[in-house]
Structure formats: C-alpha cells, structure tokens
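Number of protein chains: 4
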Amino acid sequence: MAVMFSLEGYKGVPKTVEEAFEQVVLANRILGNEGVLDAFGHVSVRHPKKPGIFLQSCSLGPELVTKKDILEIDVDGNVVTKTDMKPYGERIIHAAIFKARPDVNAVFHGHPHSVIPFTCTGTPIRPIVHFGCMFYDGMNIYDDYDVSSGMLIASPEEGERVARVLGDKRVLLMRGHGCVVVGASTASMVMAAIYLRDSAAIQYQAMQMGQPKYLSYEEARQAAKIMGSALALERAWTYWVGRAKKAMPDLR
Amino acid sequence: MAVMFSLEGYKGVPKTVEEAFEQVVLANRILGNEGVLDAFGHVSVRHPKKPGIFLQSCSLGPELVTKKDILEIDVDGNVVTKTDMKPYGERIIHAAIFKARPDVNAVFHGHPHSVIPFTCTGTPIRPIVHFGCMFYDGMNIYDDYDVSSGMLIASPEEGERVARVLGDKRVLLMRGHGCVVVGASTASMVMAAIYLRDSAAIQYQAMQMGQPKYLSYEEARQAAKIMGSALALERAWTYWVGRAKKAMPDLR
Amino acid sequence: MAVMFSLEGYKGVPKTVEEAFEQVVLANRILGNEGVLDAFGHVSVRHPKKPGIFLQSCSLGPELVTKKDILEIDVDGNVVTKTDMKPYGERIIHAAIFKARPDVNAVFHGHPHSVIPFTCTGTPIRPIVHFGCMFYDGMNIYDDYDVSSGMLIASPEEGERVARVLGDKRVLLMRGHGCVVVGASTASMVMAAIYLRDSAAIQYQAMQMGQPKYLSYEEARQAAKIMGSALALERAWTYWVGRAKKAMPDLR
Amino acid sequence: MAVMFSLEGYKGVPKTVEEAFEQVVLANRILGNEGVLDAFGHVSVRHPKKPGIFLQSCSLGPELVTKKDILEIDVDGNVVTKTDMKPYGERIIHAAIFKARPDVNAVFHGHPHSVIPFTCTGTPIRPIVHFGCMFYDGMNIYDDYDVSSGMLIASPEEGERVARVLGDKRVLLMRGHGCVVVGASTASMVMAAIYLRDSAAIQYQAMQMGQPKYLSYEEARQAAKIMGSALALERAWTYWVGRAKKAMPDLR
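Protein chains in written order, with my numbering: chain A, 1 to 252; chain B, 1 to 252; chain C, 1 to 252; chain D, 1 to 252.
Chain A extracted, bound-state conformation:
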C-alpha cells in the first residue's frame, strides 16, 4: 500500500472539529488559488471524532467556501447536517472511499487539465521527478461508467466501483473526467493533488522529447517518505496557505 502518514493537525487527523472545518476551508482555497480546482471539483476531510462521517462544502466553487458552507455527510452519502444547502452530486465518490479506506482522512476529486490527456489515452502518470514520488505504487484508470449518469458518479453502486478500482493507491485516473487523490492527512492530499497536476505536465513534455527515465520503484518509495514527512508537509502547507491568504483577503 502507498506510504502515507499519520501526523497531528492538518498533517494528520485533526484534533478538534473546529480544526477539521478550518482544514476543509483551507484545502478548498489552496486548490482554487493554485488552479487545481475551478468552478467544479471538491475535497473532503474525515470527521475527527466520528469516523463514519466526513466534512465537505455544499455545492459551491472551491474558492468561495467558508466555514458556514460545510456539511457533515455519512459514508453512505447521506447529508447529516440539518440544512437546506445542497450537497455536491458526486459526494458519493468521497463517501465510498472513506468507507473502503480507513487509512484515508482526506479526498480530492477534480479535473486538472494536464491530467485529462492521460485519462483518455490510458497512460498512467509515473514518478518522473522527486515530487511525483508519491505515485510510486502506480495508479489505476476508471472506465466503467453508467452511460446514463453522464460521466458523473452519482449512484452508490458506481461509487463502490470507483473505490474498488482505486484500490489501495493514492490516485485514480478517471477516463474523460479527471482524478481522485487521497491522503492520510489534509496536507498530504493537497500536496498529492498539486504534484499530480505538475507531474502530468512534465511527463507530457518528456514523452514528446523521447523515452524518459522514470524514478525506479525504490527511488520513488524512498522519496515518498521524505516528501510525506512532517517537515516537508509543513513547509509546503505554510507556503500554500501564505499564497492563498495573500490572494484572498477574507482568509486573513
């Protein structure tokens, strides 16, 4: 199984519900600010006290999410919070993964442009640079859509299929749609989402130039330990939060 990490706070299971809510807001804002999410796509964080519940924004563009937009949802996809706010249609992706993967505390689903060509040419994204190391264990490609669902994952059955094809990996590519990225912590999920996007762009160019030499399994596995360390996660998280706060005055 892919190396993941159990650290305190945003680097692992948040200690308080308040902290978890803050992580959901920051993960949305960071990924919006860095251009990994646009109007669509979403993230979620497992509830720190109730493992059968996760936290996710209501149906809203990630850059706009605030604490009061966050819903509690159970791992069958039912909204637990008493509210009129509408949840994301695809919350079932998150639900099914939290159900199947107790090691996962944060989930990303989005459509970074650089990733799409890989999904529809059946090309896994491989570790081509050390910051893509977290994908050393490979990734699967989902292509088992209900035609009637319009490429979106909405039914519990399809959610379960998605979780099954993800298996024990960090990433699932979804043909003609996007990707799922999971993490043991919010910071680890955010880092993997950003570096998946960047790795795809780099691998595309390298493949155009010839036959790139990828990181070996062992090189990447060792690098994943370092990139997933508390020190590296903290350095990256602090940087991304700093940029988001500069761009979004309401976060300060």
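No lab work stands behind these hints: they were computed from the structure. It should be emphasised that the depicted structure is a prediction, and the values quoted were computed from it without experimental measurement. The beta-carbon is built from N, C-alpha and C at its ideal position, and this holds for glycine as well. Check the hints yourself; a few may be wrong.
Below 20 Å or equal to it, Euclidean Cα-Cα: the simulated EDC-like pairs (lysine to aspartate or glutamate) are [what the hints assert, rightly or not]:
1. Lys246(B) x Asp250(A)
2. Lys213(A) x Asp143(D)
3. Lys245(A) x Asp250(D)
4. Lys246(C) x Asp250(B)
5. Lys213(D) x Asp144(C)
6. Lys246(D) x Asp250(C)
7. Lys213(D) x Asp250(C)
8. Lys246(A) x Asp250(D)
9. Lys245(B) x Asp250(A)
10. Lys213(A) x Asp144(D)
11. Lys213(C) x Asp143(B)
12. Lys246(A) x Glu34(D)
13. Lys213(C) x Asp146(B)
14. Lys49(D) x Glu19(D)
15. Lys213(C) x Asp144(B)
16. Lys86(D) x Glu234(A)
17. Lys86(C) x Glu234(D)
18. Lys225(A) x Glu158(D)
19. Lys213(B) x Asp146(A)
Which stretches of chain B does chain A cover? Using the computed rule of at least three CB atoms under 8 Å from a CB of chain A, they are [as the list claims (entries may be wrong)]:
20. 122-131
21. 204-216
22. 222-230
23. 236-242
Residues from chain B that keep clear of chain A, each with C-beta distances beyond 12 Å, as calculated [unchecked claim]:
24. Lys50
25. Cys58
26. Gly138
We have chain A already, so just place chains B, C and D on it with the hints.
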C-alpha cells in the same frame, strides 16, 4: 439539435430589460477576466421583451464594458438605439443567428488561441472530458469567406452563410479566425465558450500523445443534461462572477 | 510594401513632442504588462518635429520607464539629449531602421519566447489567424551576425545590415535572438508586436497538428486594412492602456 | 571555465554582511515571484567576510523568507548560527559547491518544470537564444543517487559527488529532480536560474519543430560577456526587484 435549457434569469431568458443589460455586462467581464476574450470578440443577449432585438456593447474591449455602452440592435444588424456610439462591425454574426435560431438567447464570437489550430487544420473539437460534453452533437467549420472582407463577417449575405453553416449546433469553428458559441441562456453561452477553449487545449495534448478515447455520443449527451442544469450553471456562474468582481473593483 | 497607416496621435505621427513622450511610456508599459518585453528589449518612436531623431528610454526594464527616462537619439545612434543616462546598446537597430524607412514611425525589438523557435529553425511566421494578417507580405530572417558582438547589434555596419534584411517588411526575425517589428504609428507597432507573439504560439500548435491552412495573400492583405484601421487600433490601444493602468498605479 | 564576473555589491561579493543578508532575501523573493522556485528549492550566498561560511534561509518556502530566517552554515554543512530553526536538508549541495568552487559566490537549487524533461531524457540545455548564452560551456547531468536518499542530496559524500559532476560549469542538471545553477554574484546566479528555465521551454518547442540552429560556441561565449556585464546585470536585477516589490508589499 443540441440540448439547451430554458431557465429563469441569467440561466435563461432574463425577466426584465434591466436584468438583460446586467447579463451583457457580466458576460463581457467574465470572458475578459477568464482570458477568453481580449481586445476583440463580443457577446450578445436577446432582448427579453422584443425577440427581434438583441443587446450588445458598442465597439469596446469586453473588459471595459459598462451598462451605458450597450446598444439595442435588430436582427438585420441595424442599431436601434439613438446614439453616436459605434457598433461592432461583426454584429451581423449575432443578428443572423438570432434571426435563424429562435432557441438561442445568447451568442459569443471570439478568438481563443487554443481553438485556432483546430479551425485551420479542419479538426472538430470533440467531447474529451465531461465538461466538453455540450459539443456532443458535433460542430461545423466555416470556410466560405468573401475574400474582400478580410476574414471578418460584415455583410448580411455572409452573416446568413455563417448562420447556415452553424446550423443547429452549439459551436461554429471559423477557419483562420475563431469561433461562434450559442446558448439558450447567458450562463450557458459563457460556460460553453470557456469550456470550448479548455477542451481545445486538452484535445491538442491528447492528440499529441496518441489516439484519445473521446466520450461516446450517449455519454456526452447525458453529461450535457447535467452540465446544463440550473444547479451546475448557477455554481459556475457564481464562481465566475466572484472572480470577475475580485479582479474588477468597479463591478462590486 | 506592407500596408501601414498614417493616422493622428498614437495612431500615427504624434502631433506634439509631449504626446510622443507619452506614447513611448505607454508602449513600454503595455508591452511589459502584456508579457511581450521583460527586463530586456525596447521600443522607440520617431520625433514628431525632427524626422532625423527618435525617442527611446535609457537602459531600463520597459515596465519601469517614465517620461524622465526618455532620450533623444539621432538616426546614426548618437544620443542628442545632454545627460548621464546610458542608452540601450542596441539603439543602433532603431537608428538604422528610422534612417532606411521614412514610412516607419515606431520600432520594437524584443525576444518573445514563442518567436524564438521560429528564428532558429528558419520558419517564417505566417498569417494563420486574422489578427496575424499584418504579416501577409512575409518576413525575413537575419543571420549575419558579427561573431564578436555576442548576438547583439551594436555597430553601425551591423545596424545597416539588419535594416537591409528587414527590407520593406513589418517584421524581421533574428536567429537565436528575437525580432524587430515596425509600424507607421505607435499603436500599429504595439499591435504587431503582440500579435506576432500570439501568432507564433498558434502556428506552433497548428504545425504540430498537421498542415495548417494559412490565410491566402489576398485574405490577409484585406484583413490587414481592417486591423490597421483607426477604429481597430483605437479599440485595441484603449484596452491595452486600460489593463496597464490597472496593473500600474503610477500610470493613472 | 565558464565566464563569470567579480563585481561590487549584488553584482559580485557583497561588501557588508548586512548587504549579503539582503541579497539572500531578494534572491529568494525574486525567484519565488518569477515562478522559478515554489515551496521547495533554495538559494545561498557566500559570506563576504568568512569564505568558509555561506548564508541560507532556514527550511521555508522562498517567497516567505525574511532577514531573520537566515542561517550561517559552514562548507561542511554545519549550521553555525545558534538557533532552533531547522536548515534545509539539501544544504549539503550548497556546502559542497562553495567548498569546491572558490569562484562561486551564489548557488541555486530548484526544480523548474521546464527543466525536468531535459534531466530525464539526458538532453543538455544549449544556448538557443542570446539570453541562454551563459550555458555556452555545456552542462553535465547528475545521475549517481544513493537509492536510499530518495533523490535528495543529504550526505556529505553525495554532496561531494554532485560538486564533482558540476565540475567547472554554470549548471548541473539532476535526473528526475531539478538543477543547480551557480554564479560569481547573486545577480548572476538569479539571472542564470531564470534564463535556464526559459531556455528549456524554448528549446523544447524548437526541438518539436525540427533541428534548431543553436548559438555557436564563440557566439555564445561572446554573448555571455555582455549578458554578464555590470550594465546588463543591473538592468535585470532592478527589473526583478521592482516586480517582487510590487507583488510583495512587505519588501517595500
């Protein structure tokens, strides 16, 4: 005919003239802010009370458009507003389409860079990702220019030809020039313009990598229903308006 | 000879020296703001009263240029202004062109990244989209460097060679270096510099996709009349100035 | 050996320790602001009074570095400053180079995306445009990793190997990781880092178009003298500082 939608407000026929003016301003600002329009290109919205009239800015870069710059123009291209302000030379594209297509309430014409290589290599842009689904019914390519018109569409006859080649599609590619995108609502037109630009960039890379698997006709048709739903249009519109307002203080 | 235009103010020969100084500042700021110039590259405008003199900033990054940085230089490259400010080493390019081309009132020299691959693969940039029409008459490629000059044009003899290879065209590509773009007016020069950069990026992608259909000579020649009209120049100039003023508070 | 320069201040060895600290801050901020460094990567400047010591930020994203984050480190990689702040794990790259290369006063290590495909396809970046001239003497590629180090350079032995493969060049590509760029001055190091990133992007496109004509050895060597002159370094540095100050209010 391509799936389109008749919704209230910006998601369909605006209820009031005031609302229609606001939509023209916002569509211009959004498309300027998102980099889909630059100094050139233009949008239009059908008048909510007089179907033979549409609203469009005078000759001005889209990022700069305010309510007082908007003209009423009839479907033969005559400026109805009594004013000295100069209309766009290519308003005839909009006029001819509003005349030929009663289902259309909003029109985009622009020159997104990623789209041009498709126009001049005769390559239709296909649904390669779910947010490109609205092009499931295909698109035509216009290449029947009056040489003397300098690639611009200025005469009623050429406007009619453009509308004829567009047919009942959502998009017309124009060789060596750009594209036309239509919608049943302002939000639907804006969404299709942005996602055409993005789909082109993604398809380019996928074609360089090999033979991409596109969405099937049925996959894309079903996805178009979801992406064109009131919920999806509202989420995207709110996001784009939020970004435009952040970048353009005078909109607040 | 390439179609150019003689219009009033920034669209042609400025009426006053004050106006000419302002054009030099705005052209520098626009091209910096639009990413066509960075720390290096420069523009110049012919003196409206003394045709043997042109105006150009002292050695400074274009984004930083103000009126008090502008020098008067003669068409042999001598700085006429009494000052300690250092001129650009490559002012001789401008001098030699103003000397050889009485139809030219503004000159650009820069290194837009998208243009460089064309210079060093010997590929002219052709009109592939209507806004690239101004290059309908073709362009030459300079590759007759003094080896000892380090790819920069510094001697009067090499300046003369550059002007000779430019001939009566709008653009000169310079192998392994960049390009020269000329205009009858400041606005026309700025427009051609921006659209050369954009045309190169589009042509690159189109050539990767296959054999693009370029604009015919006559299509492009007719389009050049429209894009070079006072109306089009004014629309584009107003847009670029608006963007520069938004980004650079000291311009307001 | 590659042409480098010994100039005053940021253009060479800083005169005072205060000045050296300021250079470390500015180099970090410029390279963050220009997108050459992100959360990771680092720069260093040799101590102006103690040649066996260099200055480098503690473990922090470059955009965030201030004077109080800077550590003194010796050329064996030991932190000399009495502090709890953690140094970068890869400071040994800098230490080993300062030890081996008395001509070097500033070192960059980072992972610009455009450079990575060259590292993993074994393709040196060559002078393809005059501002890439400083690489005229060639560059080596490091691929002698300790598998257990996860692609990062952490041990003194591996630091020594990196310095040995760098040899007397300006640049070392590191397979699947990034690059090292050195300079006789802070400004020269910053310029080479930015132009390496840009040269890679340009060479990639030129190679896709065909067989580019690179600068000859002598053309590039002569150009390197001009680009490395005090005048050119000052012009570029002033430009980059100006942009960083505009983007980062706390620098003003």
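Cross-check of the supplied hints:
no.	hint	verdict
1	Lys246(B) x Asp250(A)	holds, 11 Å
2	Lys213(A) x Asp143(D)	holds, 11 Å
3	Lys245(A) x Asp250(D)	holds, 14 Å
4	Lys246(C) x Asp250(B)	holds, 11 Å
5	Lys213(D) x Asp144(C)	holds, 13 Å
6	Lys246(D) x Asp250(C)	holds, 11 Å
7	Lys213(D) x Asp250(C)	violated, 42 Å
8	Lys246(A) x Asp250(D)	holds, 11 Å
9	Lys245(B) x Asp250(A)	holds, 14 Å
10	Lys213(A) x Asp144(D)	holds, 13 Å
11	Lys213(C) x Asp143(B)	holds, 11 Å
12	Lys246(A) x Glu34(D)	holds, 16 Å
13	Lys213(C) x Asp146(B)	holds, 16 Å
14	Lys49(D) x Glu19(D)	holds, 12 Å
15	Lys213(C) x Asp144(B)	holds, 13 Å
16	Lys86(D) x Glu234(A)	holds, 12 Å
17	Lys86(C) x Glu234(D)	holds, 12 Å
18	Lys225(A) x Glu158(D)	holds, 19 Å
19	Lys213(B) x Asp146(A)	holds, 16 Å
20	122-131	holds (count 5)
21	204-216	holds (count 11)
22	222-230	holds (count 6)
23	236-242	holds (count 5)
24	Lys50	holds, 32 Å
25	Cys58	holds, 30 Å
26	Gly138	holds, 17 Å
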